[in-house]
Amino acid sequence: MSDTVSGEHPQAQREAAGFAAHNPSKVVADAAAAVADIPAGARVAVGGFGLCGIPSVLIDALLAQGADGLKVVSNNCGVDGTGLGLLLEGGRIDRITASYVGENKEFARQYLSGELTVELTPQGTLAERLRAGGAGVGAFFTPSGVGTPIQHGGLPWRHDADGNVVEESPAKESRVFDGREMVLEEGIVSDFALVRASVVDTRGNCRFHAAARNFNPEAAMSGRITIVEAEKVVEAGEIAPDDIHLPGIFVDRVVALTPEQAADKNIEKRTTRPEEA
Numbered sequence: 001m002s003d004t005v006s007g008e009h010p011q012a013q014r015e016a017a018g019f020a021a022h023n024p025s026k027v028v029a030d031a032a033a034a035v036a037d038i039p040a041g042a043r044v045a046v047g048g049f050g051l052c053g054i055p056s057v058l059i060d061a062l063l064a065q066g067a068d069g070l071k072v073v074s075n076n077c078g079v080d081g082t083g084l085g086l087l088l089e090g091g092r093i094d095r096i097t098a099s100y101v102g103e104n105k106e107f108a109r110q111y112l113s114g115e116l117t118v119e120l121t122p123q124g125t126l127a128e129r130l131r132a133g134g135a136g137v138g139a140f141f142t143p144s145g146v147g148t149p150i151q152h153g154g155l156p157w158r159h160d161a162d163g164n165v166v167e168e169s170p171a172k173e174s175r176v177f178d179g180r181e182m183v184l185e186e187g188i189v190s191d192f193a194l195v196r197a198s199v200v201d202t203r204g205n206c207r208f209h210a211a212a213r214n215f216n217p218e219a220a221m222s223g224r225i226t227i228v229e230a231e232k233v234v235e236a237g238e239i240a241p242d243d244i245h246l247p248g249i250f251v252d253r254v255v256a257l258t259p260e261q262a263a264d265k266n267i268e269k270r271t272t273r274p275e276e277a
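Per full-length UniProt numbering, residue 1 is the first one in the sequence shown, and the count goes up by one each step.
Treat the hints as calculated values from the structure; they're not laboratory data. We put the beta carbon where it would ideally sit given N, CA and C, even for glycine. Some clues are possibly wrong.
[Said to hold, decoys possible] Okay, derived cross-link-like pairs now, SDA-like style, lysine to any residue, Cα gap no bigger than 20 Å in a straight line: (1) LYS71 <-> GLY41; (2) LYS172 <-> ALA127; (3) LYS172 <-> GLY138; (4) LYS232 <-> LYS265; (5) LYS269 <-> CYS52; (6) LYS71 <-> TYR100; (7) LYS172 <-> GLN123; (8) LYS172 <-> PRO122; (9) LYS232 <-> PRO24; (10) LYS265 <-> ALA42; (11) LYS71 <-> TRP157; (12) LYS265 <-> SER198; (13) LYS232 <-> ARG253; (14) LYS71 <-> LEU86; (15) LYS105 <-> ILE267; (16) LYS105 <-> GLY41; (17) LYS105 <-> GLY81; (18) LYS71 <-> GLY90; (19) LYS105 <-> LYS269; (20) LYS105 <-> GLY163; (21) LYS232 <-> HIS245; (22) LYS232 <-> ALA262.
[To be verified] Derived Cβ-Cβ restraints for the label pairs, each shown as a range: (23) ARG273 <-> GLU181: 39 to 49 Å; (24) ALA29 <-> PHE141: 37 to 47 Å; (25) GLY90 <-> GLU268: 12 to 22 Å; (26) ASP80 <-> PRO170: 30 to 40 Å; (27) LYS269 <-> ALA33: 27 to 37 Å; (28) ALA263 <-> PRO241: 26 to 36 Å; (29) GLY237 <-> ARG109: 25 to 35 Å; (30) LYS105 <-> ARG270: 42 to 52 Å; (31) VAL234 <-> PHE177: 29 to 39 Å; (32) ASP94 <-> LYS269: 22 to 32 Å; (33) ILE267 <-> TYR100: 29 to 39 Å; (34) PRO241 <-> SER113: 46 to 56 Å; (35) ASP68 <-> ARG109: 15 to 25 Å.
The task is simple: from the sequences and hints, build the whole structure.
Written out as structure tokens, the structure reads:
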């Protein structure tokens, strides 16, 4: 089975709880308080692409909190020594649904040595699975992956210590729409979502900056409880309606970063040209 949670979708749960009618400040004391109730084995969606737009402060707080056996959904798993790479190195992640292994050598090592279950998913499909889960869409058809192991199954999800495949992806249902074959992909609902935004108001409305938006809105939508670390927090109403990229209905907790935390942004790979004389 894929890494999918059934049940009522996050937005409906929040509306049923009365958030739409009564929505006080969602700002919490700090990152440690925000992640304190994430339990062992929780499914956690994490925004970011590489090191761009990652919720690094919340990840550090989750590492210090100690929850293990986590089932992470993210585009990738950070890099060695940074971001989700820290949770990997600490042995806190049991399963990850991601688009690629990327530059993380520890990610590849754990996958090949049987320490980690990895469900590789096409990047656009992963984004839509997160968005669909948050919107209450149980599944959707897409042409991505038709004719490959994505459709027919057999992708290695987990190995044993000797490198033998002990869990693999199942075959997926397919149908033809307007003469084009498509495969069925399930929406993803996560227990918690960790994201980062540029400007957030006290009601949780978010604005992202440029490419740092990436997977953050979709990850936020998928979470039953969504936690946002904000580079800047403003009062409700200070973000113009047309500038809101993620409505506060999808956000449960806001962590205000210090100026130092907001400015701490790593570069995954730096390429420069020789300085001219």
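Verification of the supplied hints:
1. LYS71 <-> GLY41: The hint holds at about 6 Å.
2. LYS172 <-> ALA127: holds (18 Å)
3. LYS172 <-> GLY138: holds (15 Å)
4. LYS232 <-> LYS265: holds (15 Å)
5. LYS269 <-> CYS52: OK: LYS269 and CYS52 at ~11 Å, within 20 Å.
6. LYS71 <-> TYR100: holds (16 Å)
7. LYS172 <-> GLN123: holds (17 Å)
8. LYS172 <-> PRO122: Roughly 14 Å separates the two Cα atoms, so the pair holds.
9. LYS232 <-> PRO24: holds (18 Å)
10. LYS265 <-> ALA42: Measuring from Cα to Cα gives roughly 27 Å; hence the hint is violated.
11. LYS71 <-> TRP157: holds (13 Å)
12. LYS265 <-> SER198: Given pair LYS265, SER198 holds - Cα atoms ~12 Å apart, limit 20 Å.
13. LYS232 <-> ARG253: Between LYS232 and ARG253 the Cα gap is close to 14 Å, so the pair holds against 20 Å.
14. LYS71 <-> LEU86: holds (15 Å)
15. LYS105 <-> ILE267: Status holds; Cα separation ~17 Å.
16. LYS105 <-> GLY41: With Cα atoms ~24 Å apart, LYS105 and GLY41 exceed 20 Å; violated.
17. LYS105 <-> GLY81: Satisfied, since the Cα-Cα distance of roughly 10 Å is no more than 20 Å.
18. LYS71 <-> GLY90: holds (14 Å)
19. LYS105 <-> LYS269: holds (15 Å)
20. LYS105 <-> GLY163: holds (17 Å)
21. LYS232 <-> HIS245: holds (15 Å)
22. LYS232 <-> ALA262: Distance ~8 Å between LYS232 and ALA262 Cα, so the pair holds.
23. ARG273 <-> GLU181: 39 to 49 Å: holds (46 Å)
24. ALA29 <-> PHE141: 37 to 47 Å: holds (44 Å)
25. GLY90 <-> GLU268: 12 to 22 Å: Because 20 Å falls inside the window, the suggested range holds.
26. ASP80 <-> PRO170: 30 to 40 Å: Holds, since ASP80 and PRO170 (Cβ atoms, about 31 Å apart) stay within the stated range.
27. LYS269 <-> ALA33: 27 to 37 Å: The hint (27 to 37 Å, Cβ to Cβ) holds, given that LYS269 and ALA33 are roughly 34 Å apart.
28. ALA263 <-> PRO241: 26 to 36 Å: holds (28 Å)
29. GLY237 <-> ARG109: 25 to 35 Å: violated (49 Å)
30. LYS105 <-> ARG270: 42 to 52 Å: violated (18 Å)
31. VAL234 <-> PHE177: 29 to 39 Å: violated (44 Å)
32. ASP94 <-> LYS269: 22 to 32 Å: This hint holds: roughly 28 Å between Cβ atoms.
33. ILE267 <-> TYR100: 29 to 39 Å: Cβ of ILE267 to Cβ of TYR100: about 19 Å, so the range 29 to 39 Å is violated.
34. PRO241 <-> SER113: 46 to 56 Å: holds (50 Å)
35. ASP68 <-> ARG109: 15 to 25 Å: holds (18 Å)
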